[in-house]
Amino acid sequence: MTTVGTLLRGWREQRRISQLELALRADSSARHISFIETGRARPSQPMVLRLAEQLEVPVRDRNALLVAAGFAPAYPETPLHDPAMDPLRTGLERLLSAYEPYPALVMNGTYDVMAANRGIAALVAGAADHLLRPPMNAMRLTLHPEGLAPRILNLGEWRAHLLERIERQTALRGSGPLRTLYEEVAAYPVPAREPDEAADADPEAALPFALPMRIAHGGQVLSFISTATTFNTPMDVTVSELAVETFLPADPATAKALQSLT
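According to this note's numbering, the stretch in the sequence shown is residues 6 to 267, in order.
Computed beta-carbon distance windows for the label pairs:
1. Glu162 / Ala258: 15 to 21 Å
2. Ala126 / Ala192: 26 to 32 Å
3. Ala133 / Ala35: 53 to 59 Å
4. Gln19 / Gly224: 45 to 51 Å
5. His135 / Ala233: 22 to 28 Å
6. Glu188 / Gly44: 31 to 37 Å
7. Ala258 / Asp134: 29 to 35 Å
In short, the hints are calculated from the structure, not lab data. All residues carry an ideal CB built from backbone N, CA and C; glycine is no exception.
Using the sequences and the hints given, assemble the complete structure.
Shown next, in the form of structure tokens:
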């Protein structure tokens with residue numbers, strides 16, 4: 006069995022923090038941190054949680070640290086459809102509806118779509134049925150040759166952005182499912198384009214402040230800037246892994262087109 010010391014050392018090395026620096030952050034000593042990592046000392050529950058906080062360990066993995074140290078998990082994992090989640094779920098649904106006609110969705114830690122508004126439904130219309138069946142995965146839907154990929158005009162840039170995003174989150178979370186997802190979508194062939202769809206945007210129209218996703222839809226070119234929002238100080242594993250992704254029109258033409266799409 007993996008010890009709590011081994012797990013903590015793995016997170017510390019992944020964060021590139023020395024034992025001394027971690028000790029200073031956690032109000033401890035480098036000697037004590039060393040003893041914990043080598044198994045010569047057993048940390049208390051508050052110490053495990055304090056070290057996990059300083060190492061920015063994801064909530065799910067904090068439970069694993071506690072179990073490895075001989076304690077019960079401190080954070081529940083409540084399904085989003087549980088009645089206890091009604092206030093959260095209702096708030097998210099209101100948020101998605103209020104954002105219409107602009108696209109917005111809620112994803113879990115592996116990019117499965119938990120909820121979406123009509124803006125998203127309009128945008129993904131025409132994708133293969135097997136990509137739209139629950140659990141719909143945002144990364145598969147975007148990068149699959151039968152999904153949105155053939156219609157994304159700047160696919161090379163957008164694909165690189167999404168793959169880098171998965172890689173970064175995999176490093177932060179140490180997640181096996183995320184790594185598997187990355188390997189799957191990175192292996193998708195890049196769809197060939199028709200000559201009239203291969204043309205890039207006018208360089209003068211490029212945004213100087215953020216990379217847009219430019220997608221052909223209904224004979225128009227829609228341009229979006231995406232944002233991702235997570236919850237502060239989550240106390241539940243499910244909530245800690247939720248993210249609200251919104252797509253803001255990057256130009257007046259896109260904003261006007263969305264009014265008719267929904």
